[in-house]
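Put together the whole structure using the sequences plus the hints.
Chains H, V, Y and D, in that order, are what the protein sequence lines are. All residue numbers for the first sequence refer to the working numbering, where the first residue is 1 and numbers rise by one. All residue numbers for the second sequence refer to the working numbering, where the first residue is 1 and numbers rise by one. All residue numbers for the third sequence refer to the working numbering, where the first residue is 1 and numbers rise by one. All residue numbers for the fourth sequence refer to the working numbering, where the first residue is 1 and numbers rise by one.
Treat the hints loosely; a few may be bogus.
What the hints assert, rightly or not - Straight-line C-alpha distance at most 25 Å; calculated SDA-like pairs for lysine to any residue:
hint: 1; chain 1: V; residue 1: K217; chain 2: H; residue 2: G57
hint: 2; chain 1: V; residue 1: K61; chain 2: H; residue 2: D216
hint: 3; chain 1: Y; residue 1: K275; chain 2: H; residue 2: D194
hint: 4; chain 1: D; residue 1: K217; chain 2: Y; residue 2: V302
hint: 5; chain 1: H; residue 1: K217; chain 2: V; residue 2: D216
hint: 6; chain 1: D; residue 1: K76; chain 2: H; residue 2: V302
hint: 7; chain 1: D; residue 1: K275; chain 2: V; residue 2: H103
hint: 8; chain 1: D; residue 1: K76; chain 2: H; residue 2: R44
hint: 9; chain 1: V; residue 1: K76; chain 2: Y; residue 2: P102
hint: 10; chain 1: V; residue 1: K61; chain 2: Y; residue 2: V302
hint: 11; chain 1: V; residue 1: K76; chain 2: Y; residue 2: T301
hint: 12; chain 1: Y; residue 1: K275; chain 2: H; residue 2: G251
hint: 13; chain 1: Y; residue 1: K275; chain 2: H; residue 2: D322
hint: 14; chain 1: V; residue 1: K189; chain 2: V; residue 2: P214
hint: 15; chain 1: H; residue 1: K217; chain 2: V; residue 2: P102
hint: 16; chain 1: V; residue 1: K217; chain 2: V; residue 2: V94
hint: 17; chain 1: Y; residue 1: K62; chain 2: V; residue 2: L299
hint: 18; chain 1: D; residue 1: K275; chain 2: V; residue 2: G251
Unchecked claim - Now the stretches of chain V that chain D is said to cover, found in silico as 3 or more residues with beta-carbon under 8 Å:
hint: 19; region: 261-274
hint: 20; region: 298-306
hint: 21; region: 313-326
Keep in mind that the hints were calculated from the coordinates and are not lab data. This one's a predicted model, so the numbers in the text were calculated from it and none came from an experiment. Every residue gets a Cβ at the ideal spot worked out from N, C-alpha and C, and that includes glycine.
Number of protein chains: 4
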Amino acid sequence: MRTLAPTEAGNASRSSDAPQTTLRVAVAGATGYAGRELLCLLARHPWTRVVRLMSSGRHEKKEFPIEHSHPMLRGKFDVLCEPLSPEALVPAEVDLVFLATPHQTALELVPSLLERNIRVIDLSAAFRLKDASIYPRWYGFEHHAHQALEEAVYGLTELNAAEVRQARLVANPGCYATSVILGLAPLLKMGWVDLSAGIISDSKSGASGAGRAPSDKLHFVEVNENCRAYGLFNHRHVPEMLQALGLEERGFIFTPHLLPITRGILSTIYVRLAKPRSAEEVAALYHDFYSQAPLVRVLGTVLPEIQSVAYTNYTDIGFSLDRDGQRMIIVSALDNLGKGAAGQAVQNMNLMFGFEEETALT
Amino acid sequence: MRTLAPTEAGNASRSSDAPQTTLRVAVAGATGYAGRELLCLLARHPWTRVVRLMSSGRHEKKEFPIEHSHPMLRGKFDVLCEPLSPEALVPAEVDLVFLATPHQTALELVPSLLERNIRVIDLSAAFRLKDASIYPRWYGFEHHAHQALEEAVYGLTELNAAEVRQARLVANPGCYATSVILGLAPLLKMGWVDLSAGIISDSKSGASGAGRAPSDKLHFVEVNENCRAYGLFNHRHVPEMLQALGLEERGFIFTPHLLPITRGILSTIYVRLAKPRSAEEVAALYHDFYSQAPLVRVLGTVLPEIQSVAYTNYTDIGFSLDRDGQRMIIVSALDNLGKGAAGQAVQNMNLMFGFEEETALT
Amino acid sequence: MRTLAPTEAGNASRSSDAPQTTLRVAVAGATGYAGRELLCLLARHPWTRVVRLMSSGRHEKKEFPIEHSHPMLRGKFDVLCEPLSPEALVPAEVDLVFLATPHQTALELVPSLLERNIRVIDLSAAFRLKDASIYPRWYGFEHHAHQALEEAVYGLTELNAAEVRQARLVANPGCYATSVILGLAPLLKMGWVDLSAGIISDSKSGASGAGRAPSDKLHFVEVNENCRAYGLFNHRHVPEMLQALGLEERGFIFTPHLLPITRGILSTIYVRLAKPRSAEEVAALYHDFYSQAPLVRVLGTVLPEIQSVAYTNYTDIGFSLDRDGQRMIIVSALDNLGKGAAGQAVQNMNLMFGFEEETALT
Amino acid sequence: MRTLAPTEAGNASRSSDAPQTTLRVAVAGATGYAGRELLCLLARHPWTRVVRLMSSGRHEKKEFPIEHSHPMLRGKFDVLCEPLSPEALVPAEVDLVFLATPHQTALELVPSLLERNIRVIDLSAAFRLKDASIYPRWYGFEHHAHQALEEAVYGLTELNAAEVRQARLVANPGCYATSVILGLAPLLKMGWVDLSAGIISDSKSGASGAGRAPSDKLHFVEVNENCRAYGLFNHRHVPEMLQALGLEERGFIFTPHLLPITRGILSTIYVRLAKPRSAEEVAALYHDFYSQAPLVRVLGTVLPEIQSVAYTNYTDIGFSLDRDGQRMIIVSALDNLGKGAAGQAVQNMNLMFGFEEETALT
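Rendered as structure tokens:
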């Protein structure tokens, strides 16, 4: 990687201790909702320049202005969006590739990118699970890129900052997974939870989390004025939650629901503490745990709500303790496209390339 | 047609002066939103029995319970939904067929149904325009069923009740068209409008009016928190409005907009009166014109809103006159699936078969 | 009560085995959302006539047409809405009073209505809890109407039909409570649940459940594109759930959430079965338990969603069992204004006065 | 005013040609929606520091953290929000005051602020209309601050940039007015419109435009799944549109509608051109007119939609010409809180204090 200098296309920001050249990034899968959000964030990032936009869609055959796909990006990018062409992603042109493609597309692309020594942040699930053997059950495909899988760092920044900084390949966590893991990590790392009682996360997500491909289930009329549970006992984000939190499948239930909103996830998480705690103790634990995390806001016994985090890259966490001091409900909220996808990807990029962690994110 | 007797499957209603046998109806295109609404209305109609449900979709190959398509109809119909099979629609079994299919499917089906002497209410546009030669421009297909077209009655019940009663084929009006025609008819029939000033209808519709087929444009995320105009100067409902109202294309502008709601149309209609009128005069005209119309509610200078008509079969009409007594805004509201589609279809059925006009509709 | 004859104002329904005179009902609290829904249902009930409409609001000083408050009821009722005047509710004029007022208004009204021998269906919580001593904790007021409280029947029709038939005073259940109780009752009545594991209901409701009084929290902008939990460990519907299900407070958690929709509740309920069961066994239990309940639809392992019950009086119940046959999630859905309030009130009325249980409700 | 230097609290932006000290701003009316948006923008503005937050509400008696009112601003401002105290706004502490208060509060405050030589950007309508005598008709109060009114510059930046740069008092335009004026200005300034035909703007706005005070009409349930017209022939934004565009009241109709969305305005504007024009000519006119306007995006015959401008400070403008080249529909879209209020206020500030026009706005 070259030294970095501030972008001219970006805003006029400059900082004396900033890197000397601009980071050249490519986005593959630019036409989806995560791609869109990523571009919004990159457009205001002072140290990056988007040099390549690629669509993984089957339909596009030719280059097109990205505003055809995302009208709100009108005038933000000069570079046209082109069909996915991995061979164009070469170190002479690109320092970092974001993959916002289907899982299997990412699975195919990553090894060759690493071989060419291009760093990758993969927003798909292709490199999230350390145990390759469970991909068939949860994702329906065999995983043969074992070496890349071993190298991949699970990019939940608040937990894995040191590894992320060194990573060539970051597996960006799932949106639901981020909300649940951040909500539970402090308690579990401290061993405060009575695991025998089981942990339940009842999570609710806006429709952008389901992606942009049209389907019966995502028709406006089907989502509007509705709420439904789905994926009971078998949602794909479960194994990455178990892996990150060190839980057993039989001690954890995750139930996702579809909300009639565009952006945001609210997770209501039920645990039993091993021994009674006061609200002050719990609040102190969370504040302490996230004291260095600029994108996690600990609210104590104030409960987060989706509106406070929508269109942001924050995760808000609050909780309520029953009078017995043991039954506890944690509520965590984030924007599934922000901290749950593109925001976290940029946060990972910031660490990987030595920028301030929250650059372009607050 | 046989004499009619009350249905046992329906609610327990009975009336001494009611027909003696039950009307046997078939619904082709039962899996769409208009089909769903039609089934909801027929389920509570005391004098009809749904004997046949057909899907015009390409996907369905086998019979299936209609609740697979419309969970809210669970337990309402015994008859399974089958792939479209016109040959099954025979007078020995069916008295009336509702077509809620694509235009061209209706175009193909209607002549043979009429030949078999089965009455038809067609919710598509295939038989709405008297001038066959304009179909290519507005609908993109040639219209060769001239005889059926000639026979068809435009089923805007409030204007054409007498013809509807005798009709074998009713062309059920478009949803936007109904809202605009009912809003303007009293003024135009009385010649009160200064046509040289032009008439503008700025109309807004919920997303169920665009049908159930998934598409990029109807994805929840694209419709939610949005509003957009479309079809400027060339929406397909324009020619039926011109035809019903006796207007010239150059004297009329119709602009549809997509609202982030499921059901309902609001039309804001701008006219200039040929001479000054008082609000009382105008209100009297509308009240008078619709005095025999049980499904039109004239609100005078109270303005209608979508919520008051959603999930009903009413059209609400109100207006505002400027201080000059000549500039006038008419606001009309209806449910695009109710009076704008299925409700009007049932209203037409009621007239055709001698039931009370508003049976099952209020 | 006089014998009952079919209403002339209603639809033309009549039935030879029907009561001989019309039930004269009054609605106090007619201007709220539950009152509105009640009026919609009563308008299509063939055996009732609304003889009195009263508003419990502080603002109204004079009579007004109910359509001023509910435009969708335009033309449905001749009787004007008047300020609350209990003395006008006399047996010579009224057979049944629905109270859709604040709790304390109901608390004051009920004893005198019973004294006058007028039957009452109370949609407030004033007579739901058998133990008067817990009202201060949950509702903030002392309960002194002990005799009426003792007499009151908790009107969850599916559980208490026999008592409801004889009741002079029915306490209509809360909306959340109905969804949770109906979801759990079959399992709990059969003793299938491992109570030591605790039961959790994570419930989600549309905004009409919060009533019509404007407030910061119910402003469109605050509810739209949002979801939040509230009332953790202390929602008012908890004690009626405990009472109806025979549960202890420490073995049950109920967490309500506000959804950005108008109507509907979805409850996701987590239990652990005492021993492994198959999905077939569980489905059979539910089907059996609700075999005589026309307004409960058991979906087996199909999951309910809000859209299928919105604008209906049904409760839909489905479930999912984990592979261990013990961890179980029940999902129950209803319309908070339908089966969760006005629909259940009418269902209770139907039983109390010998009508078919589902009259006007399906 | 002191020289300006970059804020330390802001992001690290700095520019060699930037002013040398930080602009000290106060926001009065900080708890409403426009106040919130203003704070969001100021939080990312590199050259300003918010030194004073004041609430104009009647309820607040003490200081409180602004996040109590706007949870999404958690951690963004150290300064507490205090009750409105004009005497605290002194030149030694404050360079600029934003007023996002009720009209009459602004009317009272402005003269004394100007007297103290503090510059003001007033988001209310108190100083928008040059003719003091029409305030009673449109706003219901007498306007006695004639000198300030005379001095005030109507801050529609694209039309009045030169005056804004010199202004001590900027009257920030109304949200609807901005969308209509920007849509029509190019045509009217060039004299291309046949004024005798009349101009109609049918505009649609999200609910945040109606302010944050709770009311019956803004209850979630009343706005959701609804759309209604209001203020026919007498909306308060009409006179500022007439004034800015040089139109007569009798030649212009403006009809606002309430949409069930949080943010955004779409105006559909109907004009007749004095002589036929091609789409290319019209597009060229608009592109030319706005060639120096960084916050107006001319889309030509592509139609704007609300989603593309929500959460931005842009106005998007597109149009459609009928085949006759004379009937023309202009569609303009903006975010009522962005370019329609706070974004425009910041744009005005940028001009007044010599910053880049779009600082913090793109």
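Hint by hint, here is what the structure shows:
Straight-line distance between C-alpha atoms of V:K217 and H:G57 comes to about 17 Å, which keeps the hinted pair within the 25 Å bound. Restraint check for V:K61 and H:D216: satisfied, since their Cα atoms lie roughly 18 Å apart, inside the 25 Å limit. Using a Cα cut-off of 25 Å, the hinted pair Y:K275 and H:D194 holds, with the two alpha carbons roughly 22 Å apart. Between the alpha carbons of D:K217 and Y:V302 the distance comes to roughly 38 Å, so the proposed pair goes past 25 Å and is violated.
The hinted pair formed by H:K217 and V:D216 meets the criterion: a straight-line CA distance of about 13 Å does not exceed 25 Å. Restraint check for D:K76 and H:V302: the C-alpha separation of about 17 Å stays at or below 25 Å, so the hint holds. Pair hint D:K275 plus V:H103 does not hold up; C-alpha atoms about 39 Å apart against a cutoff of 25 Å. At most 25 Å may separate the alpha-carbon atoms for a hinted pair to count; D:K76 and H:R44 meet this at roughly 19 Å.
In summary, the hint linking V:K76 to Y:P102 is not supported, as the alpha carbons are separated by about 37 Å, beyond the 25 Å threshold. As the CA atoms of V:K61 and Y:V302 are separated by approximately 22 Å, the hinted pair is consistent with the 25 Å bound. For the hint pairing V:K76 with Y:T301, the CA-to-CA distance comes to about 20 Å; that is within 25 Å, so the pair holds. Under the criterion of a C-alpha separation no larger than 25 Å, the hint pairing Y:K275 with H:G251 is consistent with the structure, at around 17 Å.
Between Y:K275 and H:D322 the alpha-carbon distance is near 28 Å, which puts this suggested pair outside the 25 Å criterion. Simply put, V:K189 and V:P214 have alpha-carbon atoms about 40 Å apart, too far for the 25 Å limit, and the pair is violated. Between H:K217 and V:P102 the CA atoms are separated by roughly 21 Å; this keeps the pair inside 25 Å, and the hint holds. Of the supplied pair hints, the one linking V:K217 and V:V94 is violated, its CA atoms being roughly 38 Å apart against a limit of 25 Å.
For the given pair, Y:K62 sits about 22 Å from V:L299 by alpha-carbon distance, which is consistent with the 25 Å threshold. A C-alpha spacing of about 17 Å is found between D:K275 and V:G251, which places the hinted pair at or below 25 Å, so the restraint holds. Against chain D, the region 261-274 of chain V contributes 8 residues with a C-beta closer than 8 Å to a partner C-beta. That satisfies the three-residue criterion, and the hint holds. By the rule of at least three residues with a Cβ nearer than 8 Å to a Cβ of chain D, the coverage given for the region 298-306 of chain V holds, with 4 such residues.
Residue count for the region 313-326 of chain V with a Cβ under 8 Å from a Cβ of chain D: 4. That meets the three needed, and the coverage hint holds.
Checked against the numbered hints given earlier, the structure breaks hints 4, 7, 9, 13, 14, 16 and satisfies all the rest.
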